[in-house]
Amino acid sequence: MLDMSYLGKEFPEFIFEVDRSKIKELCLAIGDENPIFLNKEEAQKAGYKDTPASLTFPTLMNFWGYPEIWNRMTEMGIDIKKLLHAKEEYEYFSPIYPGDVITGKVKVDSMRASSAMDMVTFKSIYSRDGEEVLIAKMTIVVPKGENA
Amino acid sequence: MITWDEIDVDYELPSLTKGPITQLQLIKYAGASGDFNQIHTVPDYAKEAGLDGTIVHGMLVMGILGQMITSFAEPKMIKKYSAGFKSITRPGDTLVAKGIVKKKYEKDGEKLIDCRVYVEDSAGDLKVDGKVTIAF
Numbered sequence: 001m002l003d004m005s006y007l008g009k010e011f012p013e014f015i016f017e018v019d020r021s022k023i024k025e026l027c028l029a030i031g032d033e034n035p036i037f038l039n040k041e042e043a044q045k046a047g048y049k050d051t052p053a054s055l056t057f058p059t060l061m062n063f064w065g066y067p068e069i070w071n072r073m074t075e076m077g078i079d080i081k082k083l084l085h086a087k088e089e090y091e092y093f094s095p096i097y098p099g100d101v102i103t104g105k106v107k108v109d110s111m112r113a114s115s116a117m118d119m120v121t122f123k124s125i126y127s128r129d130g131e132e133v134l135i136a137k138m139t140i141v142v143p144k145g146e147n148a
Numbered sequence: 149m150i151t152w153d154e155i156d157v158d159y160e161l162p163s164l165t166k167g168p169i170t171q172l173q174l175i176k177y178a179g180a181s182g183d184f185n186q187i188h189t190v191p192d193y194a195k196e197a198g199l200d201g202t203i204v205h206g207m208l209v210m211g212i213l214g215q216m217i218t219s220f221a222e223p224k225m226i227k228k229y230s231a232g233f234k235s236i237t238r239p240g241d242t243l244v245a246k247g248i249v250k251k252k253y254e255k256d257g258e259k260l261i262d263c264r265v266y267v268e269d270s271a272g273d274l275k276v277d278g279k280v281t282i283a284f
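Line by line, the protein sequences are chains V and L. Heads up, the first sequence is in this note's numbering, so the first residue is 1 and it goes up one at a time. Heads up, the second sequence is in this note's numbering, so the first residue is 149 and it goes up one at a time.
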């Protein structure tokens with residue numbers, strides 16, 4: 001059972017320090033060898049300050065920066081073993097670079113429970129020096145009844 | 149790279165074929181991303197969860213789609229990127245990332261395109277269906 005009292009709840013802020021090796025590690029796991037993400041000189045030639053984070057880097061900031069999300073989900077009544085990732089959305093305001101100290105804040109943006117499934121969207125706002133650099137939304141579903 | 153002026157609706161982004169995805173890649177992706185849900189890495193756990201075996205992280209598939217996008221456009225040109233996960237990908241699947249321009253417009257002095265971006269397996273089954281907004 002989803003605990004609907006979590007709707008709108010904000011979890012405690014966390015700090016994520018961006019490491020060059022994590023930017024590289026994510027790209028290599030994906031198999032993306034674009035030199036802009038891997039090589040500082042190549043990135044600077046292309047007009048970047050340093051190697052920018054790739055497009056799906058925010059998922060890494062979510063899981064490494066706020067691993068407590070799994071416990072929060074269990075507390076909310078989400079069956080982690082049955083959960084499916086339904087949707088992921090990013091809005092980018094400024095590139096994220098090695099050395100950046102990013103503040104993250106996760107909020108329960110929407111919750112819906114029906115006989116067929118539970119659906120929850122978490123919104124993460126990432127800021128650097130008080131300015132928002134990125135907004136990420138993750139929507140998960142837990143099928144119920146005959147759909148489970 | 150191609151300019152905004154040269155692009156029209158229905159322009160197809162260069163596709164990217166990747167794979168087959170291996171179990172080792174899922175282990176690497178788990179460590180890189182921090183998503184340690186064991187349905188991706190531990191076959192016995194995946195079976196307990198009612199699956200035939202491990203399944204690929206949806207975010208890895210979205211990452212592969214992202215690679216296609218930033219092979220076409222500079223990372224700093226990407227304004228918005230979203231993806232919906234449509235069906236399960238398994239180790240051994242080969243993936244093809246594709247994109248097509250759906251809208252071309254100007255807003256607040258920026259020249260933009262909206263593209264449908266998606267990933268299919270080699271049989272043509274849709275895995276991830278997304279959207280990206282690119283500024284030139």
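Think of the hints as simulated: they come from the structure by calculation, not from any bench. Each hint should be verified, as a subset may be incorrect.
[As the list claims (entries may be wrong)] Here are the simulated lysine-lysine pairs, DSS-like style, with alpha carbons at most 30 Å apart:
{"no.": "1", "chain 1": "V", "residue 1": "Lys82", "chain 2": "L", "residue 2": "Lys176"}
{"no.": "2", "chain 1": "L", "residue 1": "Lys224", "chain 2": "V", "residue 2": "Lys137"}
{"no.": "3", "chain 1": "V", "residue 1": "Lys40", "chain 2": "L", "residue 2": "Lys246"}
{"no.": "4", "chain 1": "V", "residue 1": "Lys40", "chain 2": "L", "residue 2": "Lys279"}
{"no.": "5", "chain 1": "V", "residue 1": "Lys9", "chain 2": "L", "residue 2": "Lys234"}
{"no.": "6", "chain 1": "V", "residue 1": "Lys105", "chain 2": "L", "residue 2": "Lys250"}
{"no.": "7", "chain 1": "L", "residue 1": "Lys259", "chain 2": "V", "residue 2": "Lys137"}
{"no.": "8", "chain 1": "V", "residue 1": "Lys123", "chain 2": "L", "residue 2": "Lys246"}
{"no.": "9", "chain 1": "V", "residue 1": "Lys49", "chain 2": "L", "residue 2": "Lys224"}
{"no.": "10", "chain 1": "V", "residue 1": "Lys137", "chain 2": "L", "residue 2": "Lys251"}
{"no.": "11", "chain 1": "L", "residue 1": "Lys279", "chain 2": "V", "residue 2": "Lys137"}
{"no.": "12", "chain 1": "V", "residue 1": "Lys107", "chain 2": "L", "residue 2": "Lys252"}
{"no.": "13", "chain 1": "V", "residue 1": "Lys22", "chain 2": "L", "residue 2": "Lys227"}
{"no.": "14", "chain 1": "L", "residue 1": "Lys228", "chain 2": "V", "residue 2": "Lys45"}
{"no.": "15", "chain 1": "L", "residue 1": "Lys195", "chain 2": "V", "residue 2": "Lys137"}
{"no.": "16", "chain 1": "L", "residue 1": "Lys252", "chain 2": "V", "residue 2": "Lys137"}
Now for the hints, and whether the structure bears them out:
no., hint, verdict
1, Lys82(V) with Lys176(L), "holds, 23 Å"
2, Lys224(L) with Lys137(V), "holds, 20 Å"
3, Lys40(V) with Lys246(L), "holds, 28 Å"
4, Lys40(V) with Lys279(L), "holds, 29 Å"
5, Lys9(V) with Lys234(L), "holds, 28 Å"
6, Lys105(V) with Lys250(L), "violated, 33 Å"
7, Lys259(L) with Lys137(V), "holds, 25 Å"
8, Lys123(V) with Lys246(L), "holds, 27 Å"
9, Lys49(V) with Lys224(L), "holds, 11 Å"
10, Lys137(V) with Lys251(L), "holds, 23 Å"
11, Lys279(L) with Lys137(V), "holds, 14 Å"
12, Lys107(V) with Lys252(L), "violated, 33 Å"
13, Lys22(V) with Lys227(L), "holds, 22 Å"
14, Lys228(L) with Lys45(V), "holds, 24 Å"
15, Lys195(L) with Lys137(V), "holds, 29 Å"
16, Lys252(L) with Lys137(V), "holds, 25 Å"
The structure does not agree with the numbered hints 6, 12 stated previously, though it agrees with the rest.
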